[in-house]
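Participant: This is what each chain is made of:
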Amino acid sequence: MITDKSSASSRIGKAAVYILLSIWAVVVLFPFYWMVLTSFKSYSSYNSEFVPRFFAADPTLSNYRDAFTAVPLARYFLNTLIFTVVTTAVMLVVTVLAAFAFSRLEFRGKNIVFALFLSLMMIPNELVVITNFVTITDWDMRNTFQGLILPSVASIFYIYLLKENFEQIPDELYKAAKVDGTSDLKYLLRVMLPICRPTVVTVTILKVIECWNAYVWPRLITDDQAYFLVSNGIQEIRENGFGRENIPAMMAAVVVISLPLVVLFLIFRKKIMSGVMRGGTKG
Amino acid sequence: MKKQNLKAWLYLLPALAFLAVFMIYPLVDVVVYSLEEGYNSASQTFRGVGLYNFSYVLRDPYFLAAVRNTFILVVITVPVSTGLALLISLGLNSIKALKNLFQTVYFLPYVTNTLAVGLVFMILFKKTAYSEGLVNLLINWFGGPSVDFIDGPYWAKMLVMCIYTVWVVMPFKILILTSALASVNPEYYKAARVDGASRGRIFWRITLPMISPMIFYLVITGFIGAFKAYADEVALFGTDLNAAGMNTIVGYVYDMLYGNSGGYPSYASAAALILFAIVFTITCVNLLISRRTQIS
Amino acid sequence: MKIVLEHLTKRFPNRNRKIKSEVVAVDDFTFEIPDGTLIGLLGPSGCGKSTTLNLISGLETPTEGRIFFGNREVTNLPPEKRGVGLVFQNYALYPHMTALENIMFPLGNLKRDERPSKEEMRERAREAARLVQIEPYLERRPSEMSGGQQQRVAIARALVKKPEVLLLDEPLSNLDARLRLQTREEIRRIQRETGITTIFVTHDQEEAMSISDLIVVMKDGAVHQIAKPQDVYDDPVNLFVAKFLGTPPIDVFDGEVKGGTLFIGEDAVLPARGVEDGPVKVGVRPEGFIPDPDGALRCGLDRVEVMGRDTSIVFRHEGLNADTGRAIVDAEAARGLEGGEVRFSLKPLKTCLFDKTTEARIRLADGGGKAAGR
Numbered sequence: 000m001i002t003d004k005s006s007a008s009s010r011i012g013k014a015a016v017y018i019l020l021s022i023w024a025v026v027v028l029f030p031f032y033w034m035v036l037t038s039f040k041s042y043s044s045y046n047s048e049f050v051p052r053f054f055a056a057d058p059t060l061s062n063y064r065d066a067f068t069a070v071p072l073a074r075y076f077l078n079t080l081i082f083t084v085v086t087t088a089v090m091l092v093v094t095v096l097a098a099f100a101f102s103r104l105e106f107r108g109k110n111i112v113f114a115l116f117l118s119l120m121m122i123p124n125e126l127v128v129i130t131n132f133v134t135i136t137d138w139d140m141r142n143t144f145q146g147l148i149l150p151s152v153a154s155i156f157y158i159y160l161l162k163e164n165f166e167q168i169p170d171e172l173y174k175a176a177k178v179d180g181t182s183d184l185k186y187l188l189r190v191m192l193p194i195c196r197p198t199v200v201t202v203t204i205l206k207v208i209e210c211w212n213a214y215v216w217p218r219l220i221t222d223d224q225a226y227f228l229v230s231n232g233i234q235e236i237r238e239n240g241f242g243r244e245n246i247p248a249m250m251a252a253v254v255v256i257s258l259p260l261v262v263l264f265l266i267f268r269k270k271i272m273s274g275v276m277r278g279g280t281k282g
Numbered sequence: 000m001k002k003q004n005l006k007a008w009l010y011l012l013p014a015l016a017f018l019a020v021f022m023i024y025p026l027v028d029v030v031v032y033s034l035e036e037g038y039n040s041a042s043q044t045f046r047g048v049g050l051y052n053f054s055y056v057l058r059d060p061y062f063l064a065a066v067r068n069t070f071i072l073v074v075i076t077v078p079v080s081t082g083l084a085l086l087i088s089l090g091l092n093s094i095k096a097l098k099n100l101f102q103t104v105y106f107l108p109y110v111t112n113t114l115a116v117g118l119v120f121m122i123l124f125k126k127t128a129y130s131e132g133l134v135n136l137l138i139n140w141f142g143g144p145s146v147d148f149i150d151g152p153y154w155a156k157m158l159v160m161c162i163y164t165v166w167v168v169m170p171f172k173i174l175i176l177t178s179a180l181a182s183v184n185p186e187y188y189k190a191a192r193v194d195g196a197s198r199g200r201i202f203w204r205i206t207l208p209m210i211s212p213m214i215f216y217l218v219i220t221g222f223i224g225a226f227k228a229y230a231d232e233v234a235l236f237g238t239d240l241n242a243a244g245m246n247t248i249v250g251y252v253y254d255m256l257y258g259n260s261g262g263y264p265s266y267a268s269a270a271a272l273i274l275f276a277i278v279f280t281i282t283c284v285n286l287l288i289s290r291r292t293q294i295s
Numbered sequence: 000m001k002i003v004l005e006h007l008t009k010r011f012p013n014r015n016r017k018i019k020s021e022v023v024a025v026d027d028f029t030f031e032i033p034d035g036t037l038i039g040l041l042g043p044s045g046c047g048k049s050t051t052l053n054l055i056s057g058l059e060t061p062t063e064g065r066i067f068f069g070n071r072e073v074t075n076l077p078p079e080k081r082g083v084g085l086v087f088q089n090y091a092l093y094p095h096m097t098a099l100e101n102i103m104f105p106l107g108n109l110k111r112d113e114r115p116s117k118e119e120m121r122e123r124a125r126e127a128a129r130l131v132q133i134e135p136y137l138e139r140r141p142s143e144m145s146g147g148q149q150q151r152v153a154i155a156r157a158l159v160k161k162p163e164v165l166l167l168d169e170p171l172s173n174l175d176a177r178l179r180l181q182t183r184e185e186i187r188r189i190q191r192e193t194g195i196t197t198i199f200v201t202h203d204q205e206e207a208m209s210i211s212d213l214i215v216v217m218k219d220g221a222v223h224q225i226a227k228p229q230d231v232y233d234d235p236v237n238l239f240v241a242k243f244l245g246t247p248p249i250d251v252f253d254g255e256v257k258g259g260t261l262f263i264g265e266d267a268v269l270p271a272r273g274v275e276d277g278p279v280k281v282g283v284r285p286e287g288f289i290p291d292p293d294g295a296l297r298c299g300l301d302r303v304e305v306m307g308r309d310t311s312i313v314f315r316h317e318g319l320n321a322d323t324g325r326a327i328v329d330a331e332a333a334r335g336l337e338g339g340e341v342r343f344s345l346k347p348l349k350t351c352l353f354d355k356t357t358e359a360r361i362r363l364a365d366g367g368g369k370a371a372g373r
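Chains as they are written, first to last, in numbering that gives the first Met the number 0: chain A, 0 to 282; chain B, 0 to 295; chain C, 0 to 373.
No wet-lab data here; the hints were simulated from the structure. All residues carry an ideal CB built from backbone N, CA and C; glycine is no exception. Honestly, I wouldn't trust all of these hints.
[To be verified] Examples of chain C residues lying across from chain B (beta carbon under 8 Å, computed):
(1) Ser56
(2) Leu58
(3) Phe67
(4) Phe68
(5) Val83
(6) Leu85
(7) Asn89
(8) Ala91
(9) Tyr93
(10) Pro105
(11) Asn108
(12) Leu109
(13) Asp112
[Said to hold, decoys possible] No farther apart than 30 Å at their CA atoms in a straight line, the calculated lysine-lysine pairs in the DSSO-like style are these:
(14) Lys174/A x Lys185/A
(15) Lys185/A x Lys2/B
(16) Lys189/B x Lys257/C
(17) Lys189/B x Lys161/C
(18) Lys110/C x Lys13/A
(19) Lys177/A x Lys162/A
(20) Lys80/C x Lys189/B
[Stated by the list, open to error] Computed far set for chain A versus chain B, every beta-carbon distance over 12 Å:
(21) Ser41
(22) Tyr63
(23) Arg64
(24) Phe67
(25) Val84
(26) Phe99
(27) Leu104
(28) Asn131
(29) Glu163
(30) Asp170
(31) Leu172
(32) Lys174
(33) Ala175
(34) Gly180
Please model the entire structure based on the sequences and the hints provided.
Facilitator: The following block contains the structure:
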C-alpha cells in the first residue's frame, strides 16, 4: 500500500504513532504500577525515600497483612461481594421478566408503559437519590443490605437492551413452542435465554462492574463500618485508617480492591468491551 | 386476551414496583421537597410553599463555587478528552502490530474503582512534609518550583481534578471512536487516494464527517457525565469538598442531604433540579447543533 | 494512452501467519493494452484481476515488474500522479456529500496553483455529469439515488480530472439485471465518446464478451488468453478458457485420437490429421451439434427443451464429463426427436481438442478452428 517515494516519511509517521500510543499507555499504566510498587515497600523504606525508587529494594508483604488486620478490609470485601451478587441476581430476574413482557407478550397499554420506561431512562440518578435516602431511612433500612440493594436493582437500560435482543428471535420459534404446548415461562427459560446468552452475560458483567465500584449510594446509606463496601472502605481508610500516613498499607488495600475487576476484565475483555460499546456509559 | 393481559402485567410487576418506589415517586417527591419552605426533617413539618429553596441555593456561596468548579471541569475536560481520544484512536487505527494490547491497556481504567485509583493520583501529586510527591519531583527536575496539588492553590487543584477526570473518561471515548473509525468503509479511503486527496483533506472531508455522529454522541454523554462529577473529586480531595474548595454540584446536593452539613433535603432537591435543568438545556443545545451540522 | 505491463508480479504474505509461503496474486503478467481500447479482465473470483487493477491504479505496488502509461513509467508513482480514474464495485461515493460535491472532490484535491476556480470546478463537474447523463440529480445525496444513478456519479467522479486511463472494478455487479444491460451500453458509449483507455474487471463472461474490444482471461494470477471476445470463444487456448466462456457451457467429452481420426467412445466423429495418437479431451460448443440420422456421434436422448427460437437437446453419453450434455439446435432440426437415441454430426469449427493432462489446446494440422489468434 505504500509507495517507495513516501516510505521514508511514512516510516517516521509510523514511529510517531507508536510513540504517541506508548506515551498514553504509560500514562494509563503508571498509576497501577505505582500502586503495586508502593504496596510492596515497607513503611520505613517508603518514608525514607525522598526521591521515590522505581522498584522495591526489599519487597515485603507486611502491608497486605496490615490491610487485612488493621482495617476490616475482609469485611468490606465480603460486603461488596454480597451486595454485588444479590443486586445483580435480583436485577437479572426483574430485567428478564420485564424484557420478556415487552418483547413477546401482547397486552393493553404496552406501548404507553414502554414509552414511560424509555423516558425514565433520561432521569439522572441525582434527582431520585434524595427521596430514596429518605425512604430507606423511614423504612429503618439504613446500615442493612436491603437498604443498599433495593434502590440499585432497577435498570431500565438493561431492560431495553434485552428487549431489543429478545425481539430478534424469530416469531416462528415462539409459535412452534406454543404448538408443542410449551408454557411462556418455560419458553423464556429454555429458548430465549439460551439464545440471548451473550447479551445476558454482557448485562451481568456491566452490572457487576457498576456494583463493585458503587460509591455514592452506599456512602449515604451506611455509616456503620460493618456495612461498608470497598469504595467507602477506601475512603474510610484514607481518612481514618492506618494512622493517616501509612501509604504503603493504603496501596495494598487499593491493590486488593482493584484486583477482582482487573482479573474479570482480562478474562472477559471482548465481552466487556463490546457490551460497553453497545451503550454502557459510566456514571 | 384477558388472561394474557394479566400474565403480562405479572411479568412486569417486579420492574414496575421497583421503578414506582425508587424512581417515579422520588421524581414527584423531589419537586415537592424543593417547594416546601423551611422543611424540618426531624418533625417533618414545613412553613410554606414557594421558591425560597431555589433562591437560597442560588445565593449560597458554596453552591456558586460548586457551579463554577463544575463548569470549569466540563469546559476543560470534554474537549480535551474528546480530542485526545480522537488522536489516540486515529493512531490505533493506523497500526496492526500491538493494536490489541494497546486497546486492552487503554480500557483498563474503565473497570477500576475510581476511588481506589484516585488515591494513587493523590499520592502522586501530593506534597507532604517529608516527600515532594513524584509529580513535583518531575517538575523540579525540569527546573520548576514545587506546587501542592492537593492542598495548594486553586488552579493546581483544578488541574489535578481535570487530569484525573480525563484519565477516567478516556477508555470509553477511545473505545467508541476506535470502533467508529474502523467501521468507515476502506473503499472511501482508496477512492480518495486515487482522487489525490492529501492526508489532511481525507481527515477533514471524509473521516471526520463520517464519524461525526459518534463524536456528537461522545460530546453529549461527556457533558452529562462531567456535570455529574463527584466521586472522582472525593477520591482526590476527601469527603469534605467544601473545605477543599473543590465541591461540585452533585457534591453540594449530597452535602445538603447528609453528613455534617446535611439534613436539608429541600435545599438538596432544589440544587438537584437546578443541575437537571442545566444538563437538560445543554443537552438540547448540543442536539440542536448536531442536527444542524448533520443537515448542512 | 497505451498501457504496457512488463513481468508484473504481486505476492502477498499468506493470511494465515503460520504458513510462511506467499500468495501469488499476479504472476508474471506481460501485455500491452492499445490506446483507446476497452479491455475486460475476466476470471473467477480470487484470480488476481482486482489486484491487477489496483497495481495499475497505484493503490498497490508490484513486487516485481514495471508498468508504463505510454512511454512514461509509473510503476512507483502514487495513484494521484498517474492520471487514472477508478470506479469501485460499491461506488465508494461519500455519503455526506451531494452528487455534485462528490464529482468535484478530486478537483478540490489539486494543489493550490493547479486548482481551478470554484466556478470552473463546478463547470467541469457539470460537464462530466452531462457525459454520464445525471445532470438532474446533482443536488441529491447518494442515499437518495438508485444504484444505476450512483454508478454514473462514480464514473463522473472518475472522469472529472480527465484521466488517461479509466479503471472499473466489477462495475455492474451491484445492479439488477435490467439496469446491467442498460449500464453496460452506457459504459461502452462513454468510452467511445471520450476515447479513453478503459480497463474493467468482471467475473461475468457475458458482460466481458458484450462490450470489450479485448478480453484478458485470468486464472490463479496468470493470464491464460488475450484476444477479441469472439476469438476467445471460438478459439480458446486451453480447456479452462473454453469452459469459462459461453452459456450454456461447452460440452466436454473424453475422446481418443487413433490414426488421424478422433473417436468419442466407439464413434469416429471427425478427422484429426497431424495429431498424435492418444487420449484427449474434446470440447464441443452447444451450437456445434447437428442432429443427423446418419451422424457419427450416438447419444442417449434425455429430453428436449423448447425455448422459442432455439431448442436444446439434453443428451447423455458415456464419455461426457458431466451427467448430461446440451446441444442447441434450430427448432426445425429437433422436430420429431423422441425417446431412445439421438445422433449428431459435429461442426469442426466448434470442436476443440485438448491435451488430457495439461488441458492445453491441441491444434489440427489443417487448422481445425481458425488460425491461432494467439
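Participant: To test your reading of the hints: which numbers does this structure violate?
Facilitator: Those not satisfied are hints 3, 4, 13, 16, 26, 27, 28.
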